[in-house]
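Trainee: Okay, here's what each chain looks like letter by letter:
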Amino acid sequence: MSTPSIAAGATTREMTFAQAVNAALREELGRDPTVFVIGEDVAEAGTPFKVLAGLVDEFGRERVVDSPISEAGITGLGVGAAMTGMRPVVDLMFGDFLTLVMDQLANQAAKAHYMSGGKLKVPLTLRTTMGATRRSAAQHSQSLQAWVAHVPGLKVALPATPADAKGLLKTAIRDDNPVVVIEDKMDYTVKGEVPDDPDFTIPFGVADIKRVGEDVTIVATSSMIRVAMAAAAELEADGISAEVIDPRTLVPLDVGALVRSAEKTGRAIVVDEGHRGYGVTAELASTIAERAFYSLDAPVRRLGAMDVPVPFSPPLEDVTVPTPDLVAQAARELVRG
Amino acid sequence: MSATVSRTEIGAELGLEMYRRMTSIRLFEEEANNLYRSAKMPGLTHLYIGEEAVAVGVCSALRQDDWITSTHRGHGHCLAKGAEPSLMFAELLGKEAGYCRGKGGSMHIADHENGNLGANAIVGGSAGIATGAAFSAKRLGTGAVAVCFFGEGALGQGLVYEVMNMASLWALPVIYVCENNLYNEYTHYLEATAGDILARPRAFGIEAREVDGQDVRAVYAEASELVERARGGGGPAFLLANTYRYHGHHVGDIDRTYYRSKDEEELWRSERDPLALHGRWLEKQKLAAAGDLEQVEVEARAEIETGLAFALEAPFPDPSQVTEDVYA
Chain S
48 MSTPSIAAGA TTREMTFAQA VNAALREELG RDPTVFVIGE DVAEAGTPFK
98 VLAGLVDEFG RERVVDSPIS EAGITGLGVG AAMTGMRPVV DLMFGDFLTL
148 VMDQLANQAA KAHYMSGGKL KVPLTLRTTM GATRRSAAQH SQSLQAWVAH
198 VPGLKVALPA TPADAKGLLK TAIRDDNPVV VIEDKMDYTV KGEVPDDPDF
248 TIPFGVADIK RVGEDVTIVA TSSMIRVAMA AAAELEADGI SAEVIDPRTL
298 VPLDVGALVR SAEKTGRAIV VDEGHRGYGV TAELASTIAE RAFYSLDAPV
348 RRLGAMDVPV PFSPPLEDVT VPTPDLVAQA ARELVRG
Chain R
778 MSATVSRTEI GAELGLEMYR RMTSIRLFEE EANNLYRSAK MPGLTHLYIG
828 EEAVAVGVCS ALRQDDWITS THRGHGHCLA KGAEPSLMFA ELLGKEAGYC
878 RGKGGSMHIA DHENGNLGAN AIVGGSAGIA TGAAFSAKRL GTGAVAVCFF
928 GEGALGQGLV YEVMNMASLW ALPVIYVCEN NLYNEYTHYL EATAGDILAR
978 PRAFGIEARE VDGQDVRAVY AEASELVERA RGGGGPAFLL ANTYRYHGHH
1028 VGDIDRTYYR SKDEEELWRS ERDPLALHGR WLEKQKLAAA GDLEQVEVEA
1078 RAEIETGLAF ALEAPFPDPS QVTEDVYA
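From first to last, the protein sequence lines are chains S and R.
The number in the working numbering is simply the position in the first sequence, starting from 1, with 47 added.
The number in the working numbering is simply the position in the second sequence, starting from 1, with 777 added.
No wet-lab data here; the hints were simulated from the structure.
Hints may be right or wrong, so weigh each one.
Unchecked claim - EDC-like cross-link-like pairs, simulated, lysine to aspartate or glutamate; straight-line CA separation at most 16 Å:
#	chain 1	residue 1	chain 2	residue 2
1	R	Lys817	R	Glu1090
2	S	Lys168	R	Glu1090
3	S	Lys238	S	Glu61
4	S	Lys311	S	Glu261
5	S	Lys168	R	Glu1101
6	S	Lys168	R	Glu890
Just chain R, with the same shape it has in the complex (with noise of 0.2 Å):
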């Protein structure tokens, strides 16, 4: 791949390709508020709706064997890595069926084999856990590189400053992804954060880049060339994806106007959402033919709903395998 990828060589299918993941995401997280608001579902689950794009321009500039690590709003992410949206429900139902056996849920899905080490609940938990993933990537010569995926909350924890000087020092393959959705939960994260996002990276020597997370070719660029750019021993990155999360910081979180407008929530449903542009683009660049899209739309709600029909006929785990997986 060369170092740059212009957002203009995105072809059919690559194009079609990510607009169908986007569509699986925004399906999937419907139907996962649905089943919150049938109380079919145990405890709560943090919707990824509107932010597809981040999830699914980064994870395409990745191979089966990078890793990445999620947050507790991480269905996009395991769903941009590969994983099956049956497994998926099962596991936000609690079935034995799910990726953890219904012992993790909604804020806890690990896909191992895809390379997903697992969505975290605690905020900026696993900036630890990317870096050591790059920090083996690095001694074991494997050539994988790491994604650590975050919301712009985690930014107020040392944590997340501690690795990254470490990637810095050490030259480790991983790419922060800040996901700014605006809210650290209920507070505009503007309250909560000091100074320039940016500069803070910067300040270990890390590259750093902006991009605007709701064009999916534009996240895709970007990451293309910094994931290519730590394959190839460039060291770490970090990439700031301006976003918005259309639902609650939960889906419990219905009544939110105390702390955004309902004009804001309007405005970026209307004129930023991610699929809605990219489905514009890929027509006006004739990628999509008339049909195209509905199509995709049509084959992606299907694979949904056969996922769903299946988690919610899939039994429980019988209670003798509480004690099972504590240790390995």
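Bound conformation, chain S alone (with noise of 0.2 Å):
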């Protein structure tokens, strides 16, 4: 996997997604007094999945403070603090969840620079997860990404890969604005290679090429890049090459990378795991539509979730997300005509 986020020549180590977050709050926290962490579960227990672990222990509970399982009330907490001089991340178990905490962060935390005139500042970054196929069901499944992405004012980055995990969150946390961080729960245990370097931070705004390629791009988010990766593979068996790029970030969002990409392909796929209806890939699938459309050979496809709540049943639910095989298939289709 081509990772230009990792600089030429820069120490890295192996380590899993879970631990890639980790060490970037772990140095952030370490950085910065301002910064701290709050939400339910996120000390002792160090969160269900465990990917806060010991940081308590190393900075004790003032700073990665429990909750009470206030999730609207936390975020506005986050937001006041993040007003007058903190750098609160706070921890939202489920993306589920943002709809519980919605008034904070799109009328609160979003609008609060514009409104004021720039005046305010809320430097707060919410972290949260995404991503079905985990037997959760409806109400702990969702891939939310679209909704926040459609809140002007605030930004949205969804990492790949553990490299990506702990750039975009270091970058999140030292940004004056409130950013959405969305975490694919699958992801955690994915182990990659990540810089040492304190200051690993990855801009946001800036696409990742995670595979270069000539006959088609495929542009995927978070889980979907696994997913692109897997078809990518399969593609080469058959002889089409899939360039596949990563946004990292939603808001802002490199255009740019995107078109140039669907430019030289002449075809493009477009993969979220949010629902298809109304999503992140419409939005993508259109950007890239209005801007490369006379070096188009075929009509943008996309693929995401169906439009039906997540099911329990593995049968049900492993049909409702793209797969490397439907992803193979699309670009087979666009290919060959």
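With the hints as a guide, dock the two chains, each given alone in a separate frame, to form the complex.
Mentor: Dropping the structure here:
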């Protein structure tokens, strides 16, 4: 996998996605005394996913704060703390709980800077999760990135690799705006090389070409990078060269990189685990179609989660999300007409 | 400051200053109403007339670096915390010189330099922000306290209880000031509020008190105690201030007889007016000589009129500014 975010010659270490998130938080908590983490079971429990394990031992309960089960409350508290000199990292256990914090996020955090004519700043990071196929049913499996990407004033990051998880989270914490970082729960055990440099950050709005190819562009986000990479391997066996490109942040969006790749290959597929209807794939596909139209040999295709609540039963759940086979099939149809 | 401030300890300087601030709010709001009625102001506004003693009594107990959050009926809080009428009028009119460069309007005035984290048009929406400001004051050791102003209508919002719970758990220096003006928009609060209001904060272990919101000295005395208590590490408090909104829910709410009587309005105006009550007290205590109060009003009126003239003359923002300030 090509990972241009890791500079040539940088020393790296293999770690899981979860360890990379943990390392980012540890480094930022250590670097800046105004950073704190707040959320349900973030201290001794280290979250149900154990992503925050050990942080409370190092930084104490004043900075790794176990909260009541009050998602709106901790997000609102985070907004106020962010306005008054701190850099909160609010831990929202499941992305489905975005429904509970939407006023504080969309009406407060996202709008304070604009409504105040630039006087107030909200350097808030909200970390949450997404992703189906964990047999968690409809209220613990949604991928709601489209909801937050729709609100001007918020930035939205979707890391797909351990290195991106660390670099994007560190950038989010240092950013002066509210940033929603959405991690795929199924990615936490995935391993990858991660730079050791404590100042390793990944700029927002810069896409990463995860795999270089010539015949078709697959734009994928988060969990769908794994799916797209597997599809690209399948396609290679068929003699089709797929380029896989990861925007990494939905807001800001690296429009140029997506358009250049589509212009180069002449064909594009967009894959995101959110629902297909009115979703991220619609925005990315239309962005490409509007700007690369005369270079395209075929309409832009898009694959997302089916427009049904995520079902519990495995045979039902598994058909709701894009798979490598489905992505490869779409690519073959595009390339072979 | 001593733990208890007796109302009678209020001297001429503070007494007249509170009178001046209440007068300034009253005159500002009357002009805001005129702006609406003469179609010079875009949109609507929610007048604070009748409730002046709450904002002035509470904010007189605060330092400049103490935080407040405010509501859709927020002009009084802004002025009491030190905002300039000229820049507020400019904001009401959508002018570039306004506190928010014309991007916020009446319901969103923020004045960070004076500790005002913004008026908020979501009922109860700022409860988290005020609590978070108190959280950071405690963590950063600034000694500041935060005051969350909200109307009794916000008692219907769950967020208020989520953050009161945390404020109590963590002994945060925040004062929740509930301005009970009797009406959730067009509905009497008793139709919307079960049980005892003070029992709600008390259930969280929060010190809760009730005060006559038309008596600026009583509000000041209670607020001073609660603020110093919070500043000293004593934790959060809840102050229920009973007051009355003379005008409608907003400036366009003219016909109100379907939800309250004209007799009721007249009774509050004639018997319970916070400016008249305080003015009479100042004179009775000989803290104001003959003509002093008139002089305060003349000066306040001059400031309001100058500010209004400035705002009316000020230019609108260039449309190119629409994309500025989306991100820091």
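Trainee: Tell me, which hint numbers fail for this structure?
Mentor: Number 2 - this is the single hint that the structure violates.
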